[in-house]
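**Q** Residues per chain, in single letters:
Number of protein chains: 2
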Amino acid sequence: MRIIENKKELERYLETISFIGYGVVEEIEKKVKKIIADVSSRKDEAVLEYTRLFDCKEMEPVDLLVKEDEIEEAYFECQEEEPKFIEALKIAYENIYQYHLKQKEETWLYTKEDSVLGQIIRPLERVGIYVPGGNGSYPSTVLMNSIPAKVAGVKEIIMVTPPDKEKKVNKYTLAAAKICGINKIFKVGGAQAIAALAIGTELIPKVDKIVGPGNIYVAIAKKLLFGVVDIDSIAGPSEVLIIADSSANPKYVAADLLSQAEHDTMARCILITTSKELAFEVVENINGMLKANPNPIASQSIEKNGAIVIIEDLEEATQIANMICPEHLELCCKEPEDLIFKIKNAGAIFVGEFSPEPIGDYIAGPNHVLPTSGTARFFSPLGVYDFVKRISVIKYSKEQFFKDAPFAIEMAEKERFLFHANSLKVRLEDVQK
Amino acid sequence: MRIIENKKELERYLETISFIGYGVVEEIEKKVKKIIADVSSRKDEAVLEYTRLFDCKEMEPVDLLVKEDEIEEAYFECQEEEPKFIEALKIAYENIYQYHLKQKEETWLYTKEDSVLGQIIRPLERVGIYVPGGNGSYPSTVLMNSIPAKVAGVKEIIMVTPPDKEKKVNKYTLAAAKICGINKIFKVGGAQAIAALAIGTELIPKVDKIVGPGNIYVAIAKKLLFGVVDIDSIAGPSEVLIIADSSANPKYVAADLLSQAEHDTMARCILITTSKELAFEVVENINGMLKANPNPIASQSIEKNGAIVIIEDLEEATQIANMICPEHLELCCKEPEDLIFKIKNAGAIFVGEFSPEPIGDYIAGPNHVLPTSGTARFFSPLGVYDFVKRISVIKYSKEQFFKDAPFAIEMAEKERFLFHANSLKVRLEDVQK
Chain A
1 MRIIENKKEL ERYLETISFI GYGVVEEIEK KVKKIIADVS SRKDEAVLEY TRLFDCKEME
61 PVDLLVKEDE IEEAYFECQE EEPKFIEALK IAYENIYQYH LKQKEETWLY TKEDSVLGQI
121 IRPLERVGIY VPGGNGSYPS TVLMNSIPAK VAGVKEIIMV TPPDKEKKVN KYTLAAAKIC
181 GINKIFKVGG AQAIAALAIG TELIPKVDKI VGPGNIYVAI AKKLLFGVVD IDSIAGPSEV
241 LIIADSSANP KYVAADLLSQ AEHDTMARCI LITTSKELAF EVVENINGML KANPNPIASQ
301 SIEKNGAIVI IEDLEEATQI ANMICPEHLE LCCKEPEDLI FKIKNAGAIF VGEFSPEPIG
361 DYIAGPNHVL PTSGTARFFS PLGVYDFVKR ISVIKYSKEQ FFKDAPFAIE MAEKERFLFH
421 ANSLKVRLED VQK
Chain B
1 MRIIENKKEL ERYLETISFI GYGVVEEIEK KVKKIIADVS SRKDEAVLEY TRLFDCKEME
61 PVDLLVKEDE IEEAYFECQE EEPKFIEALK IAYENIYQYH LKQKEETWLY TKEDSVLGQI
121 IRPLERVGIY VPGGNGSYPS TVLMNSIPAK VAGVKEIIMV TPPDKEKKVN KYTLAAAKIC
181 GINKIFKVGG AQAIAALAIG TELIPKVDKI VGPGNIYVAI AKKLLFGVVD IDSIAGPSEV
241 LIIADSSANP KYVAADLLSQ AEHDTMARCI LITTSKELAF EVVENINGML KANPNPIASQ
301 SIEKNGAIVI IEDLEEATQI ANMICPEHLE LCCKEPEDLI FKIKNAGAIF VGEFSPEPIG
361 DYIAGPNHVL PTSGTARFFS PLGVYDFVKR ISVIKYSKEQ FFKDAPFAIE MAEKERFLFH
421 ANSLKVRLED VQK
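Chains as they are written, first to last, in the UniProt record's numbering: chain A, 1 to 433; chain B, 1 to 433.
These are calculated hints, taken from the structure and not from any lab test.
Treat the hints with care, as some may be off.
Claimed, not checked - Cβ-to-Cβ under 10 Å is the rule here; a few derived chain A residues that face chain B:
#1 I4
#2 E5
#3 N6
#4 K8
#5 Y13
#6 T16
#7 F76
#8 Q103
#9 L124
#10 K223
#11 K334
#12 E337
#13 F341
#14 F379
Note that CB positions come from ideal geometry on N, CA and C, so glycine has one too.
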């Protein structure tokens, strides 16, 4: 883990981590385009072919839709054998639901003289959630992606997830899907799943928006199909930035950096601190923890992208944080509240020593789908606002029209839209009669 | 203009208008990628080269930034010669500002037992607005794209617009920019302008989000750079759908269909009516208006994509509208209010005979940047919400942590994120001591 003590070094480091490539790997893009074209023309036939090719040789058409029984079995198996997990799911569900309720917006209409203007809020009708599969288990992904949709009022949530080689979907993922009331689950993954949701097949219904994390194929398919369907923000390597002073507990800081580091080797784990002593203790703790629980991904990520930046005061730390725009920002210092409103760019702020990032990943309530790779500059956490659309309402009275139309005509004529002007004039003539 | 009287015909028509291509013209995409790469590596040098190539041969580096004097001159020329236009701009500004104020969201924080959760609203810091140029004049584009950003609290708005062959930018566009308090204007257009705003050059600052309409090069550049920068929704051919009964005025309906038709030959102008008589009168009026004011674009658009659908009752009309998801929906019937809340998908609803679409385009207040080509299924009008980002806040107390952490550990372990579990455990051990 590099320790950065001067501006020059810091600048160089920021450059290495700040670049977000705008290009995508051409090779992969070509493959994804072919998959999309195939699914578009041959629908389920193509979906099945790709699922056999990438996930499970033995898949049959009848296997694509997860049966009600399969979900029930997974759930009851968990409940029997791991009741604490089901309890955790239920508590998480409740906390996440309650937090997201606060994001709910209402339709408003107001009168202006005797005209009416307003904005109607409407939930999206059908949403698709991509959940990674293979050997992994992703119950929290199911919770975090589906609950805001439910709060928004989305009627139908379709989940897609690649099966393992035995045609199965992880039981923890299924148990979470049951608790969230997911309407249908398909054993399909990769670009073919995204294409199927965006375009619709015989079996898989076309959705209005696709959310959820996936590999590079999934990400590119989402980007290519953006506009045919809405998508969530584009995810890159994730990061944690911890601002700490000498009051911070080095063991906690080390553990939190490692919790981010285990995500992938590209993860960025950064500590900014006013205390050199803390810096050295954190390094020691990280080494100790990695020795006790060897983890090659976390080691590489710390080694390659990790950094400790020594600064003069916490004010400077907030400035650097605003440049990095971290997905997760932890404030581990004496008066963390003072710093909160100095932060302009971050996905989520974790305040004080009992708010480590994983408490937010699983149980606190706010969404764990956060803008990564510096996109907190313009993207927001996933929320209820992502699952609604707005419709403007304009109802002009005759009197208001008579007052305003001449100005609208003036502007239409300047823009040389004469039929726009005409639409106003034919009415104005009648009013003036 | 075709008249559709049965379900089969309607289905065929809906198919022809409902397809939103997911592919982009490969040729153009290649060119745009080259422009992006050039601007990325050679910055202003490349921007200038492309501006010379596409817009104005004589451009010099010093011409790229619009001078303060140029803006002042344009404004005062308008004020002297066309005071009514300046008055119209000011009224429009005020109406649009007031409407968008209602969209403004506030930061909220709440306590849950002794923990704090919340969501901070932050404006984007710097936004880019693309305004088309050439021979056109687009004051309303400037108003509609910049005012929501101003209401959101965006500090810096950068406008780009291609110059004409004499290096000039349209005076009406400049006057609108002055009224909106645009911070900087560059005479740059096309994909090179989008690349410059997304990546940043010596002269043109990198922005957080790019909004505003443009040609296919602009649209593709925005899509390719989505993620490096945020963009507004992807625009396609625009449409108007008018629901009318026998009480509607055929002259108004005809004029409104034509006002949409003059946008471009791909525009879709659709009337759904319970009255055959109205249908024929509308056709007659359209023919008359086109004869009085010949307009080849409007004629072609009516001819190619226009349709009148005859239906039994207005309920059926709302169902068809929800399938078409029109950008603009006019309700020209006896009790239009009854229909408003039956509409699930539309950009904006214009209610009653004194609310023609152009009143919303220019002066009413709601945004005229609306989701096109059926994307009202999931996209919203441009609004204040497009110019803010949200930051979650999590501040756990020791007691709440002690209660919740075991469940978070349970979930982390099921997902096999052992260092996530560790970050919680090291604290829990200390609390339990």
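**Q** Against chain B, with CB atoms and a cut of 10 Å, does the hint on T16(A) hold up?
**A** violated (17 Å)
**Q** Go through the hint on I4(A) and say holds or violated, using the shortest Cβ distance to chain B against 10 Å.
**A** violated (23 Å)
**Q** Does the interface hint hold: is F76(A) within less than 10 Å of chain B, judged Cβ to Cβ?
**A** violated (16 Å)
**Q** Taking the least C-beta to C-beta distance, is F341(A) closer than 10 Å to chain B?
**A** OK, holds: F341(A) within 10 Å of chain B, min 8 Å.
**Q** Under 10 Å is the threshold here; is the Cβ of N6(A) close enough to any Cβ of chain B for the hint to stand?
**A** Constraint on N6(A) not satisfied, violated at 25 Å.
**Q** Are Q103(A) and chain B close enough, Cβ to Cβ, to be under 10 Å, as the hint says?
**A** Interface hint status for Q103(A): holds (7 Å vs cutoff 10 Å).
**Q** Does E5(A) hold up as a contact with chain B if the rule is Cβ-Cβ below 10 Å?
**A** violated (27 Å)
**Q** Could you check if Y13(A) really has its C-beta closer than 10 Å to a C-beta on chain B?
**A** violated (19 Å)
**Q** Would you check whether L124(A) satisfies its interface hint, that is, whether its CB is within less than 10 Å of any CB in chain B?
**A** holds (6 Å)
**Q** Would the stated hint for E337(A) survive a check requiring a Cβ distance to chain B of less than 10 Å?
**A** Given a least distance of 8 Å, the restraint on E337(A) holds.
**Q** Holds or violated: K8(A) as interface residue toward chain B, Cβ cutoff 10 Å?
**A** violated (21 Å)
**Q** May I ask you to test the interface hint for K334(A) with respect to chain B, counting a Cβ-Cβ separation under 10 Å as satisfied?
**A** violated (14 Å)
Checked against the numbered hints above, the structure breaks hints 1, 2, 3, 4, 5, 6, 7, 11 and satisfies the rest.
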